[in-house]
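Going letter by letter, the sequence shown gives residues 497 to 864 in the numbering used here.
There could be a bad hint or two in this list.
[To be verified] Simulated pairs of lysine-lysine, DSS-like, Cα-Cα distance not exceeding 27 Å:
#1 620 / 849
#2 620 / 716
#3 863 / 849
#4 849 / 714
#5 787 / 716
#6 699 / 573
#7 699 / 863
#8 833 / 848
#9 620 / 714
#10 794 / 714
#11 699 / 857
#12 716 / 849
Please keep in mind that the hints were generated in silico from the structure rather than gathered at the bench.
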Amino acid sequence: MNILRSQICSVLRRPLYRQLTTTARPFVPPAQLVFHDNLYVPGAKELDDSTVEALVGETNEQEPEGDEEDPDDDRDKPHPDSPNFYTGRPSYYDNIIELQNAISRTRGTLQRLHLLPLPDFARKSLQPMPTVWKTPEEMTTDFETNMTISRYRRVTTLLNELNEYLRIATTAGYADVADRIGSIISIFESGKKEAFLSRGIRKPVLLDQHGRSYTFGKRKTSAARVWMIPVKSSTHETISDVNVEEVFGLSNEPKRSPVNVTVSTILVNNIPIAEYFPQPVDRERIVRPLKIAGVLGKYNVFTLVRGGGTTGQSGAIAHGIAKGIFAHEPETGVVLKRAKLLRRDPRMVERKKTGLAKARKRYTWVKR
């Protein structure tokens, strides 16, 4: 029963399916199709020759003539000033290309002068010429584009290579080549170059009319002012060599020149060092720069120290004495620098933390 019902349904549904799937095409009688010299007018009657020529003429008048200038023609537009106009950053890429061309020309000139390639030992002996380039914000104005980190790094890499060639030309004595390179580098140098390079350079300690030096030392929270003056050598009466030979019987030994032992004074806050610092370790810390420089007993030292404890005060005095020795005898600077006496000790007391007994010490953990 179900099979018959399905067959009947399919038979009844078939005309509707065909009606939906087929496309209705209207009948066009052949008499309504009229052709006149490739001009098709559907559903129109036959036209005479004059009407066809009039229609064709109107169509030709609407077409633009080839001799007239098209206002949208690209050939009439002004050409851009830079070939990098369509990159979006023409000024940046123009400067990059100019730097690359300058590097290429300079490299070729140095190669013709047999200054490149340069051995490593010769490159290390070149005259140092430190430079300070403009900041990315300043170069943003010059390059007329946002100077990102990658773009700034690319520019400074080219400038550093050009500065290396400037060092070679200056050391070799080719002033004309060095002047041309310097004129390019000066465009990108910062106006604060001198102030930046002079930063960190200590001012030389000058001696007064009496030969005294005045220095300043620091350690922890202590600060010391130190005055140093050379000890005036005084002649002391010594036992004659004849009396020594007669008393001790040293006639057979060769004669020796007398040794003059100078005695210097170290006063701390107008108190002798032995009284102000009873601990030997503090006194040794103070005289250590004098021993290392080999000038123990050669200078009288007067200091005024404030703040901190004995360790900080003795370290501040030692720092000031080392700077004073370097002012009197600059040749001892290498030894003092190697012993790290000319540099302030940066170590400070670590602060106490919340929840801890001290800076690092913790309270004993109790289970209950």
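Going down the list of hints, with the structure as the test:
no. : hint      : verdict
1   : 620 / 849 : violated (49 Å)
2   : 620 / 716 : violated (39 Å)
3   : 863 / 849 : holds (23 Å)
4   : 849 / 714 : holds (26 Å)
5   : 787 / 716 : holds (23 Å)
6   : 699 / 573 : violated (64 Å)
7   : 699 / 863 : violated (60 Å)
8   : 833 / 848 : violated (33 Å)
9   : 620 / 714 : violated (37 Å)
10  : 794 / 714 : holds (23 Å)
11  : 699 / 857 : violated (42 Å)
12  : 716 / 849 : holds (19 Å)
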